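Based on the hints, put chain V in the right spot on chain R.
Below, each chain spelled out in residue letters.
2 protein chains.
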Amino acid sequence: MSLAADTSVRGSGSATSLDLGPARALSCRECGHEVPLAAEFACPQCFGPLEVAYDFGRVTRESIEAGPKSIWRYRELLPVPARVTSVPNTEPGLTRLIKADRLGAELGLRNLWVKDDTGNPTHSFKDRVVAVALAAARELGFTVLCCPSTGNLANAVAAAAARAGWDSVVLIPSSLEQAKVLTTAVYGGTLLAVDGNYDDVNRLATELAAEHEDWAFVNVNVRPYYAEGSKTLGFEVAEQLGWRLPEQVVVPVASGSQLTKVDKGFTELGRLGLVEATPYKVFGAQATGCSPVSTAYAEGTDVVRPVKPDTIARSLAIGNPADGPYVLDAVRRTGGAVADVSDAEVVEGIRLLARTEGVFAETAGGVTIATTRKLVESGQLDPDAETVLLITGDGLKTLDAVSGQVGPTATVPSTSKAVREALAAQGL
Amino acid sequence: MSLAADTSVRGSGSATSLDLGPARALSCRECGHEVPLAAEFACPQCFGPLEVAYDFGRVTRESIEAGPKSIWRYRELLPVPARVTSVPNTEPGLTRLIKADRLGAELGLRNLWVKDDTGNPTHSFKDRVVAVALAAARELGFTVLCCPSTGNLANAVAAAAARAGWDSVVLIPSSLEQAKVLTTAVYGGTLLAVDGNYDDVNRLATELAAEHEDWAFVNVNVRPYYAEGSKTLGFEVAEQLGWRLPEQVVVPVASGSQLTKVDKGFTELGRLGLVEATPYKVFGAQATGCSPVSTAYAEGTDVVRPVKPDTIARSLAIGNPADGPYVLDAVRRTGGAVADVSDAEVVEGIRLLARTEGVFAETAGGVTIATTRKLVESGQLDPDAETVLLITGDGLKTLDAVSGQVGPTATVPSTSKAVREALAAQGL
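Protein chains in written order, with the working numbering: chain R, 1 to 428; chain V, 1 to 428.
Source of the hints: derived by calculation from the structure; they are not laboratory data.
Because the structure is a prediction, the values reported are computed rather than measured.
Where hints are given, some of them may not hold.
If chains are identical, the list can't say which one is meant, so a pair holds when it fits in one copy or spans any two.
To be verified - Calculated pairs, DSSO-like style, for lysine-lysine (alpha carbon to alpha carbon, straight line, at most 27 Å):
1. K180 with K417
2. K99 with K417
3. K374 with K308
4. K264 with K69
5. K69 with K308
6. K264 with K99
7. K69 with K99
8. K264 with K180
9. K308 with K99
10. K69 with K417
11. K417 with K374
12. K69 with K374
13. K374 with K180
14. K417 with K264
Chain R extracted, bound-state conformation (with noise of 0.2 Å):
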C-alpha cells in the first residue's frame, strides 16, 4: 500500500462516484492532515492512522428510530453510502441491552446492564466492524474481502462475502482449533491455513493487500472505514438506554479501536444533539497474559510496550495493539481507567455472567466482567454510577476456557431412585 497522498480510488470505482454518506475525508489521527476519501490508512505526512472525518448531516432521533432494526439505522453517521441497505450486506447490531440486576449485586454495582453482543449474525462485533468495511469496500471498487484473523473475523469475513456474493480470502494461522476453521471454511470462500503463528499471517496479508487492488483486507487496507463500525456499539447502548450516555462503560481491549470508537460515537451523538453530552468514564479490560495498555496505565506513561501474548483470551491477544495510545488517551481524559485480570479470574467471570443473567460469554466477556469487578474494588468504578458492560464474543467459540470447569451435577443410572438421590443431594 502506498503511502502517497494518491487521491485515487481502487479497482472500478471513481471518486466522482463513490458515495460514502457523510464521510468528507481521512484524517490523520497524529497530526491532523486530511486526504480524501481513499483506500489509505497512513498518514503520507507522518505515518500517523487515518480515521474517517464527516461533515454530519441533520440527523433525528426520529430518522435513527424509523431506520432498520440494525446498525443501518445509524448509517447517517457512519462512512457508507444512503442506499447501503439496498444492496447485499449483513444485518448485525441492534443487540440486547439487558438490566443485569443479579450480576450488579454479585459486583457490587447498583445500576448495571450488560449490551450482549452474541446476537449478531456469526455472534460477534465483529458483524458490525466487518459490514461496515463490506459497504465502504463495495464504494471503493473493491470485489474481494479479505483479513487475517484467528477466529472471530474470519467467522464475519467469510459470512460477510457469502452473503454478498463476494470472494472472500481468509488467512488463518494452522494451529488454529478445529471449530473455529469449520465455522469460517463452511462459507465457502477460500481459507488459507499458513504455518505460522498471527504475526506471520498479518505480515503475509499486509503483503497481499499491496498486490491485490481489488482486494479488501477489512483490518489492513481499509481498516478507518472498518474502525468506524464499532462507533454502533455506543450509539445502540445510549439509544436502547433511552438516547442517554451512561455514566461509565468497561470494554475489553485487544487493538484497543473498539474502546476509542465506542468513546467517539458517544462524542458524536452529544455533538449532534441526539444525547445530552453529559460526562462519561471509559474503562479498558486486558487479560494479565496480554496487558500492555494497562501496563502503561498503571506506569503512567503514553509508550505502550509490545509483549509477548500468553493467555486463554485469544480474540484479545493482540501484544502491540496499534490504538493503545489512543486508548489511554480516552480513559485518561474521561476519568476511567484500565486493569487487566488473570486467566483463572476470567474464567470465573464467564461463569458468574452466565449463572446471574444466562449469558454465555467468549473468554474476552470474561475479561469484562472480571476487569470490573476488580476496578469496583479497587474503587476506581462508582458503585452508584449507571454502568455498561460490553459482552462482545459468544462463549460458545471458546468452550476450552470452561471445559473441565463445568459438567453434569451428577451423573446417574436411569432409575427413579437414583434421580430422586441425586437430586436430594443438592437439597432438591
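Chain V alone, transformed into the frame defined by chain R:
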C-alpha cells in the same frame, strides 16, 4: 400430573391472582372441552392435548410496534401478564428476516426470505418457548424451571432460569456431546446426566413433574403455555414483511408444535385484522431418518406411526411426534405438503445456506433448505410465490455435521511464494 379437572393453581399462586394476559382457558384440541387456566396439559374428558384459548383485547400494529424489540412486543397475544417485561426473563425474538436472493436463485424461488433465529440468546428458537413458559410458570406459582432435553432446550432452560434467579433442573442423556453439556452446565443449575436414552430421560422427567408441585417442566406440565411461544415466529415474519402473510412457509418438524403454532399465529393475525387474511400454504420438513409425519402425509393417512430415529438432525429426532396429526391437518388445510431428505442432503443444505447467505444453521436448518429444494423440484412449492424458510438453530451447536466436509482450501508454509501459488491454484 393429575388428569382431574383441577382448577387450582400450583404453589403459591392462586386462581384469583392469576394474570395470564389474554389467555381465557385451556381448550382440548380434540373435543373442545375447556378447563380453567392451570398447570394442566391433558383433557380431563378425552385425554386430548390442551392448548391456550384467548379473549383478545384490542391489539393494533401501533401498540405492537411501540413495544420492546423482542417477543414481548406480542405480549397481548401470549399467555403472559401485561407486566411481563418488569420481571427478569430473557428477551428473545425480533431476529433477522433476510431477503435471500442468492439462495433463491439456487433453489429456483424468485421471492425468498430466511428467518434467522440463531440470533436468539442461546441461538435457537427454544428461547422463545422457554421465555413464555417461564412467564406463565411464575404466574402459576412454580419456582423451579426444568426440562428433559438433548440440546437446544437444555441451553435455553438453564439460561432463562439463571437470568430469572430460579433454580433449574435439566435432565440429559449421559451420552450427550461434551459441547452440549458445557453449554448447559455453564449456567450453573442442576444438570443430571442419566445413563439412558432420551426416552428414559423423558419418562423420568414426567415422574418428577408429578412429584414436585413447584417444578415447571416446560415441555411437560406447562407445555400448553410453552408451545404458544412459537406463535411469535409467525408474528414476526408477518410484521417484518410489512404486516403481510407470506404465501408459503417451510417449517422443520420435530414434535410438530412449531409448525402448528406458526399456523395459529398467522390465523390469529388475520382474525384480529392485523394483517389481511390472505391464503398461505404451510410446508413441513423432516429428515428421512425420522420422518413419521412425512410418511403419513405421503400415504394420505391421519395416523402418524412412531419410528426409531436415525439421523444427524438430532434436534428433530422425535420418533413419536405429539403434534404430528395437527401438522397433517394444517398442511392439508392450507394446501401445503410434508417431505423429507437424507442426511447427505441435510449437510448440503447447511453448506448451501452458508455459502449463499452467510447463515450457518444447525442440522435442522439443513433439513429445511434441502426439503425446500425437493418441494420446488416436485412442483409442490410455487417458484413465484413469496416464501419464508424458518432457520431455527445454530450450526455452532452441530459442528460434527460439517466436520470432515469442509476445511481449509489449502495449508501452506509461511512464505509469500507459497501463499501466492495456493491462491493462483484457486484462480485468485
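Structure-based check of all given hints:
{"no.": "1", "hint": "K180 with K417", "result": "between (42 Å within a copy, 25 Å between copies)"}
{"no.": "2", "hint": "K99 with K417", "result": "neither (40 Å within a copy, 52 Å between copies)"}
{"no.": "3", "hint": "K374 with K308", "result": "within (24 Å within a copy, 53 Å between copies)"}
{"no.": "4", "hint": "K264 with K69", "result": "both (22 Å within a copy, 26 Å between copies)"}
{"no.": "5", "hint": "K69 with K308", "result": "neither (40 Å within a copy, 43 Å between copies)"}
{"no.": "6", "hint": "K264 with K99", "result": "within (24 Å within a copy, 32 Å between copies)"}
{"no.": "7", "hint": "K69 with K99", "result": "both (20 Å within a copy, 14 Å between copies)"}
{"no.": "8", "hint": "K264 with K180", "result": "neither (31 Å within a copy, 39 Å between copies)"}
{"no.": "9", "hint": "K308 with K99", "result": "neither (37 Å within a copy, 44 Å between copies)"}
{"no.": "10", "hint": "K69 with K417", "result": "neither (51 Å within a copy, 45 Å between copies)"}
{"no.": "11", "hint": "K417 with K374", "result": "neither (45 Å within a copy, 48 Å between copies)"}
{"no.": "12", "hint": "K69 with K374", "result": "neither (35 Å within a copy, 33 Å between copies)"}
{"no.": "13", "hint": "K374 with K180", "result": "neither (31 Å within a copy, 31 Å between copies)"}
{"no.": "14", "hint": "K417 with K264", "result": "neither (60 Å within a copy, 41 Å between copies)"}
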